[in-house]
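Enquirer: All chains should be modelled from the sequences, with the hints used to inform the complete structure.
Protein chains: 4
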Amino acid sequence: MQKRRTDLAVEARDLWTEAAGEAAKLEGVKSWDALREGYPVTTVEILDENGAKTLEKPVGTYVTISLGGLRRREEDAFGRAARVIAKELGQLLPSEAGGPVLVAGLGNQAITPDAIGPLVVSHILATRHLVKQMPEQFGAFRPVAAIAAGVLGTTGVESGEIIKGVAEKIKPSCILVADALTARTADRICSTVQITNSGITPGSGVGNSRRELNAQSMGVPVIAIGVPTVVEAGTLAADLVSRAGMELPNEGAFAKQTGGLLVTPKDIDAQAAELSKVIGYGINLALQKGLALEDITMLLE
Amino acid sequence: MQKRRTDLAVEARDLWTEAAGEAAKLEGVKSWDALREGYPVTTVEILDENGAKTLEKPVGTYVTISLGGLRRREEDAFGRAARVIAKELGQLLPSEAGGPVLVAGLGNQAITPDAIGPLVVSHILATRHLVKQMPEQFGAFRPVAAIAAGVLGTTGVESGEIIKGVAEKIKPSCILVADALTARTADRICSTVQITNSGITPGSGVGNSRRELNAQSMGVPVIAIGVPTVVEAGTLAADLVSRAGMELPNEGAFAKQTGGLLVTPKDIDAQAAELSKVIGYGINLALQKGLALEDITMLLE
Amino acid sequence: MQKRRTDLAVEARDLWTEAAGEAAKLEGVKSWDALREGYPVTTVEILDENGAKTLEKPVGTYVTISLGGLRRREEDAFGRAARVIAKELGQLLPSEAGGPVLVAGLGNQAITPDAIGPLVVSHILATRHLVKQMPEQFGAFRPVAAIAAGVLGTTGVESGEIIKGVAEKIKPSCILVADALTARTADRICSTVQITNSGITPGSGVGNSRRELNAQSMGVPVIAIGVPTVVEAGTLAADLVSRAGMELPNEGAFAKQTGGLLVTPKDIDAQAAELSKVIGYGINLALQKGLALEDITMLLE
Amino acid sequence: MQKRRTDLAVEARDLWTEAAGEAAKLEGVKSWDALREGYPVTTVEILDENGAKTLEKPVGTYVTISLGGLRRREEDAFGRAARVIAKELGQLLPSEAGGPVLVAGLGNQAITPDAIGPLVVSHILATRHLVKQMPEQFGAFRPVAAIAAGVLGTTGVESGEIIKGVAEKIKPSCILVADALTARTADRICSTVQITNSGITPGSGVGNSRRELNAQSMGVPVIAIGVPTVVEAGTLAADLVSRAGMELPNEGAFAKQTGGLLVTPKDIDAQAAELSKVIGYGINLALQKGLALEDITMLLE
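From first to last, the protein sequence lines are chains A, B, C and D. Going left to right, the first sequence walks through residues 2 to 302 as my numbering numbers them. Going left to right, the second sequence walks through residues 2 to 302 as my numbering numbers them. Going left to right, the third sequence walks through residues 2 to 302 as my numbering numbers them. Going left to right, the fourth sequence walks through residues 2 to 302 as my numbering numbers them.
Think of the hints as simulated: they come from the structure by calculation, not from any bench. Here the structure is a predicted model, which is why all the values come from computation and not from measurement. Errors might be hidden in some of the hints.
Intra- or inter-copy, both count: the list cannot distinguish identical chains.
[What the hints assert, rightly or not] Mimicking DSSO-like on lysine-lysine, the simulated pairs with C-alpha atoms at most 27 Å apart in a straight line are: (1) Lys170 to Lys133; (2) Lys172 to Lys290; (3) Lys88 to Lys172; (4) Lys290 to Lys278; (5) Lys165 to Lys133; (6) Lys88 to Lys290.
Expert: Set out below in structure tokens:
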């Protein structure tokens, strides 16, 4: 069967349910829905190795926020989206004690659908140097460092090595990794944010060559925040065929003819820009408790 | 049946042949293949209204150059590609007599797969002012003007109106329009250049809202040069399904679920940049007979 | 004496006063100061040919708004600045009757200090097509078209010809031209907006090669709005020397050694972006009476 | 006296000579001129602490290449410039033994005259991962890693800390740092490349806040390669005044009125792009002995 790749735990769960039937019980996985600031939030908890194996994702909590309202330009959509990201992120973040937070962007700035990571970083309020140099004015801020880790093809260094190298210098209490993801279905593209405390899974991302980046490899908690910007063309075709109730051809039939092709929205440049900004603002709100959205705008732009 | 949209005459011909069978005779259409500078060139001539109706393209000559070798980085691939574009274009261009040539770019610079037009324009040697102001040094140059016509959504003016307004001022002998196109099959994306003397067909292009732009509406010959950068997601899925020998679902089944989604290569930014450059250089070679590639580089960069 | 070039009428007036002495009477010129939305506004009216000759600017009204507060990030600085621009511009705009307003950006997008014009245009709400196509939803909007006119070196066409060509197609009631200017003193750079109903003076702008663009050449009122982004290096040196009470060397001494060199703020990219945005929003507020700042953000971004 | 800041050892020497007189002997400094590939090359060797104190630069070799011919578009200017950079750099580089070479770009990509560092990095052939992963194809290449170190204001981390963090991971045999510099005289701007084995001096660069980055702080040889892109406005004015034979006003008189203002060429965007490319190619030629310019183009673009 055509393999349908997804970085979203919620889609992996849905795929399983499709195959196993609504009545089947997914062992080792718990999930629930909520509505926060007007946005639907689904939390999938992979509880044990059993669940991890079934969904092909590591044990951990996966929060999915559906940001469709942002594209429909609903009332205060940006502010509400930033706040719900901040709130969900806040629940996964370790306490303030310890070192700074290191925000790292993964992916390739030169490839729009892979640029979410570096774009998010461009909206992060870096405060680590200010807290140190001007404690009187900035003592109340949480120290934050923000780097874009580049991509192996242009740096010659694994992004994980760069992040680890910087982390060993600045001793963060926690690493927050932003990245572009792939989804399985067209309607998830650019409309969903996933936050997880399981870090980055090998082989995920748009660039597809990410290595493991998690608490074990980094020595401190790693929270990943991502947004699916593409569906692989073969995956999309397989999904459409299967929804039309048709039999799928044998595995890889579509993938072979569509290698290197991605499905993105026509206005991916604008959507990637907006999503990165809302994620960046959400991260800033989560990390700097005393700040409002306007303060962040004032400090950043 | 799922409508499979294509701006390429060669694909329209192939679609017809697929449906009608290899043996069937396509009335009012003539086509032939050649190899030029190592690149396959297919010319489709739509001879009359009969052929025009069948292929849903106006009467005219459509030259398709397959630039796969450019991506494979074959020996002197760029130079050969620029020269074959120049040669094919040269056969459709009217003679030098009369006014300047106006090169106009269609499409939206902010949307990468739609940016071919403005990108091509950025590689055009504008000489009209030099020929006028410094006839001693530049008298041997063909006068060329180059504008990006913007898009209706951001200018509030049809690109055709802008081009016509400028044309009425500078009285060109010929208008050359560069644009991004859509294809039907994945393997045409970013690997094909189409040159036609029939101008721009309404509804073509990536932005999909182009109006007619041809000799009749402009009053002078209009040559269009374009490169397919996308396949509509629904079209791609339909094409894959049909190639797999499966029955297609009813018309629009896929299109509805994939509206606004486009299939592009992952490195569309890099490919659009390279193709625009090779087309721009090809146009310069065709218009300025005395120049070599290196001269153009020297004058442009 | 070293010629000190300025596009600002207020600086031309000050230069005259410096030379002639505070007590001298500047014939044919009237000027007054005000404070609007917290920003100092100086209006210089050149009343007749006498004044025009003395200040080397055409007869007309020149409004200068000092936006220092914008850079100091004062409370609501952006909103107040957009509103004061809208108000001053509104007093120079002809009534709503007649055709659309054509907003045209002059200058070179690829040269940051010359990019004010095209950057402003990128923030203009183009409504002309909406008013025509969807009169029910957009009938209350003033029809606006917005184009970047490019520069002669890359288009081969005078920007004035392009604007006139488009104007003859869309028959505007008024043309609004945005441009980068040069100033004489360092403290005016990126801190001042000048609005004038005299259009564009030949030889003004950063690119220095602007032709006349005014009511006479265009056939409809032309309002120019500009911001000085540079001081020519020779002008700056002459200004510093003269302020230090030193004798200036003979004419052109400095200019010869500094040809092509410009003085700009280190963060010119960020400042040009912000000033263009505030001018664009100011223009939108002036043209679309019913809209608030937030509506413009929603519609534009 | 007005302090005239320069990062160029050759200018520091000239300043000293101007003040001390042609006949005076500059102790602890040796210098000589040559012509390489048609470009003038001046080498200043600061031999001891005596010379270091006088020129306010650390002990080391400073090679200055005058690239005026590049802007005059002389025959094969780009190729010759890349080769002379490669040759001079090659003489300061340690032998191939040991780990990879780490090329690091300093400065702010968002501020054009400060963007030389990150722009150079974008032209570096990163090979470290290829040598490791595909030793059969790439075994003959020298392993190279390339990173842009960002700026403190946006990362919250000293660029030196980032470079050191990465260096501790990849154990380079040598670090090559690219940066934008400030000059004292207008004619050095964008026309000179300085290569030195003394690393980065505290307070140098356009951003002005660089910390020390040298063999001592990094533990391996540090070669710095830079190009002056600006003169501080106060420095330029002082230089012009002094050349005009006038007496300079007291120290800081000009600097106070021109704080934050820089003098750059009008086409700094284009010049920074070209210089970064020629430096990048020069570095690649120096590091990958077997490659020609065309190979680099093929591999990079």
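Enquirer: Taking 27 Å as the upper bound on the Cα-Cα distance, should Lys88 and Lys290 be classified as within, between, both, or neither?
Expert: The answer is within: 11 Å in one copy meets 27 Å, while 38 Å across copies does not.
Enquirer: At most 27 Å between C-alpha atoms: does Lys170 with Lys133 qualify within a copy, between copies, both, or neither?
Expert: Both. Shortest intra-copy (15 Å) and inter-copy (26 Å) distances satisfy the 27 Å Cα cut-off.
Enquirer: State whether the alpha carbon distance between Lys172 and Lys290 is at most 27 Å within one copy, between copies, both, or neither.
Expert: Within one copy only: 22 Å inside a chain, 39 Å across chains, cut-off 27 Å.
Enquirer: From the Cα coordinates, with 27 Å as the cut-off, is the pair Lys88 and Lys172 best called within, between, both, or neither?
Expert: Only inside one copy: Lys88 and Lys172 sit 25 Å apart there, 41 Å across copies, limit 27 Å.
Enquirer: Quick one: Lys165 to Lys133, C-alpha cut-off 27 Å, is that within a copy, between copies, both, or neither?
Expert: both (22 Å within a copy, 20 Å between copies)
Enquirer: Could you place Lys290 and Lys278 in one of the four classes (within, between, both, neither) given a Cα distance threshold of 27 Å?
Expert: Within one copy, since 18 Å is at most 27 Å while 30 Å is not.
Going through the hint list in order, the structure satisfies each hint without exception.
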